[in-house]
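Chain by chain, the residues:
Protein chains: 2
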Amino acid sequence: MTRLFINEVAPRDGLQMEKRFVPTHEKIAFVDALSDCGFAKIEVTSFTSPRAIPALADAEIVMREIRRVPGVVYTALVPNLRGMERAIESRVDELNLVMSCSESHNVANLRMGRAQSLAQLLEIVREAGHGGLLCNVSLSCAFGCPFEGEVAVDEVARIATALIAGGAAGVTLCDTTGMADPAGVRRLLERLRGVLAIDATTIHLHDTRGMALANALAALEAGATRFDASCGGLGGCPYAPGASGNVNTETLVHMFECMGHTTGVDLARLLRVAARVPHLVERPLSNALLMAGTRDTLHPLPAS
Amino acid sequence: MTRLFINEVAPRDGLQMEKRFVPTHEKIAFVDALSDCGFAKIEVTSFTSPRAIPALADAEIVMREIRRVPGVVYTALVPNLRGMERAIESRVDELNLVMSCSESHNVANLRMGRAQSLAQLLEIVREAGHGGLLCNVSLSCAFGCPFEGEVAVDEVARIATALIAGGAAGVTLCDTTGMADPAGVRRLLERLRGVLAIDATTIHLHDTRGMALANALAALEAGATRFDASCGGLGGCPYAPGASGNVNTETLVHMFECMGHTTGVDLARLLRVAARVPHLVERPLSNALLMAGTRDTLHPLPAS
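Same order as they appear, the protein sequences are chains L and C. 1 is the number of the first residue of the first sequence in the UniProt record's numbering; add one for each residue after it. 1 is the number of the first residue of the second sequence in the UniProt record's numbering; add one for each residue after it.
Keep in mind that the hints were calculated from the coordinates and are not lab data. Any given hint could be a false lead.
Which copy is meant is left open, because identical chains are indistinguishable; a pair holds if it fits in one copy or across any two.
Capping the alpha-carbon separation at 25 Å, the derived lysine to any residue pairs in SDA-like fashion look like this [claimed, not checked]: (1) Lys19 x Ser286; (2) Lys19 x Pro302; (3) Lys19 x Asp32; (4) Lys19 x Ile53; (5) Lys19 x His299; (6) Lys19 x Leu133; (7) Lys19 x Ala303; (8) Lys19 x Pro54; (9) Lys19 x Arg64; (10) Lys19 x Leu301; (11) Lys19 x Arg186; (12) Lys19 x Ile88; (13) Lys19 x Arg187; (14) Lys19 x Ala162; (15) Lys19 x Glu150.
With these hints in hand, go ahead and build the complete structure from the sequences.
Following this line, the structure appears as structure tokens:
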């Protein structure tokens with residue numbers, strides 16, 4: 001039995017792509033509901049330009065108005081020094097930075113090469129460090145790139161090494177477009193042994209090709225204990241319209257708990273929050289666990 | 001790299017619950033298309049009473065009219081001696097029998113206790129053996145029962161032992177309502193070591209709670225090499241309306257092949273068959289892999 005740590009990313013990674021602008025008070029209520037579920041971390045919002053991500057233009061208000069539950073780390077995405085300043089003013093507990101392991105994905109997503117991204121992130125890490133603020137870096141396309149295909153584990157190791165050496169507190173390995181498979185997850189985590197402490201490693205999986213839980217199992221077996229996930233499975237994949245994106249938190253927690261691990265998450269409570277997510281985004285979301293119930297849901301014998 | 005064997009069950013296990021009666025010539029074309037995909041086995045139909053399963057009332061015609069591809073084992077479900085006789089007349093290669101590991105599920109599904117089922121199946125195994133015909137037995141609820149909850153691994157071992165001792169060629173461990181988790185899969189396969197040769201063991205998973213591929217991975221790691229799966233994910237779960245049932249063959253094969261294993265299945269060809277399944281059953285089916293493409297599908301860089 002292992003103690004696992006679940007980071008809920010739906011308020012940021014989930015909502016950022018939604019067509020509906022979720023009203024600020026509803027976002028706050030969503031984060032507050034998640035705060036009572038037992039997560040290690042909640043990614044609350046993004047301090048990006050409101051023009052780039054209008055869905056999260058209310059970052060300051062949301063960050064200020066949420067109820068902070070002791071023990072939960074409230075984090076936010078920060079793309080640059082300006083975002084860092086805004087995040088610090090809004091009293092985030094930790095910053096989440098982002099760059100890609102693939103050159104072309106970094107250019108497509110962040111409009112600069114990886115070397116420039118790395119230099120900028122290291123500057124943010126340094127600046128944030130002066131105020132004692134920790135930075136985690138989410139590495140997109142750690143398991144493959146939708147433009148380039150394979151991403152060498154050595155490239156991921158090189159970037160992770162530079163970030164940790166530069167003071168980053170942790171690294172999240174993101175399967176941005178659902179290209180990871182269990183063997184690849186194992187290969188990468190083995191390659192990173194010695195480079196990145198397992199406690200400083202978070203796994204961020206997408207279910208685009210149905211492999212998210214299998215990949216989570218492979219990561220767990222390779223020693224990983226920290227996982228991102230998104231309540232209700234919120235968060236799409238821009239390269240696969242209609243396909244699912246982020247791994248669903250309920251389904252991930254359910255599997256871990258079925259296996260006898262401890263996540264700290266109150267699954268029954270989380271399922272009640274997940275049931276309201278379609279109302280939040282005003283579109284239907286398929287949710288296997290909400291439809292089927294947890295595995296301990298017993299059914300009456302059919303009358304015959 | 002392991003050689004894995006995939007059994008396609010959609011023509012029987014998938015179609016048996018469909019509201020639409022799939023016309024006989026369409027069933028035949030479906031099996032014929034699957035025959036060219038490289039499966040080890042195809043479960044073609046069911047020799048049950050047409051009143052019990054009207055969807056498969058055309059068992060004889062389908063079994064007679066399909067094109068037999070050398071190397072593929074064409075099997076059919078058989079509930080009793082009368083079904084066995086019909087199946088033999090129709091020249092099936094192997095019989096698939098069924099009973100449950102759970103007493104209440106056996107009573108609900110087969111209207112008799114497990115002891116009576118076991119006795120009847122052993123009689124079929126004996127009779128079929130006189131003609132040199134092999135029998136596999138699918139054990140429902142091997143990983144849990146929707147009425148009783150946990151099913152003891154010792155119970156599964158007891159039934160499997162009796163079947164093998166009585167001449168059954170193999171046993172399929174069925175997660176009938178998607179209650180298996182990776183730890184449970186491992187526990188059962190470890191318990192059955194010594195009871196059941198791994199080559200005589202097939203794993204039949206449902207994705208009801210999203211764990212099918214994770215369970216497949218756990219089974220693979222425990223030595224399993226034979227898996228049932230259903231093209232297009234056909235086949236519902238009566239206890240979870242709307243929830244997915246059988247693990248989707250494309251998704252399972254895709255994961256195994258991504259991991260470097262060999263399934264013998266031509267995935268591109270299978271995906272073309274899967275794309276036609278919604279037309280066959282005249283209802284939409286969600287299919288992650290058809291939506292997203294295989295992991296090696298590269299995308300053009302966005303113009304900017």
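Tested hints:
1. Lys19 x Ser286: Classified as both: same-chain Cα gap 17 Å, cross-chain 22 Å, threshold 25 Å.
2. Lys19 x Pro302: between (43 Å within a copy, 20 Å between copies)
3. Lys19 x Asp32: within (22 Å within a copy, 44 Å between copies)
4. Lys19 x Ile53: This pair counts as within: shortest intra-copy Cα distance 11 Å, inter-copy 45 Å.
5. Lys19 x His299: between (38 Å within a copy, 23 Å between copies)
6. Lys19 x Leu133: neither (33 Å within a copy, 59 Å between copies)
7. Lys19 x Ala303: between (46 Å within a copy, 22 Å between copies)
8. Lys19 x Pro54: within (10 Å within a copy, 45 Å between copies)
9. Lys19 x Arg64: Close inside one copy (24 Å), not across copies (53 Å); limit 25 Å.
10. Lys19 x Leu301: Between copies only: 23 Å across chains, 44 Å inside a chain, cut-off 25 Å.
11. Lys19 x Arg186: neither (36 Å within a copy, 43 Å between copies)
12. Lys19 x Ile88: Close neither inside one copy (28 Å) nor across copies (58 Å); limit 25 Å.
13. Lys19 x Arg187: neither (37 Å within a copy, 45 Å between copies)
14. Lys19 x Ala162: neither (36 Å within a copy, 58 Å between copies)
15. Lys19 x Glu150: Cα proximity of Lys19 and Glu150: none, with 31 Å in one copy and 43 Å across.
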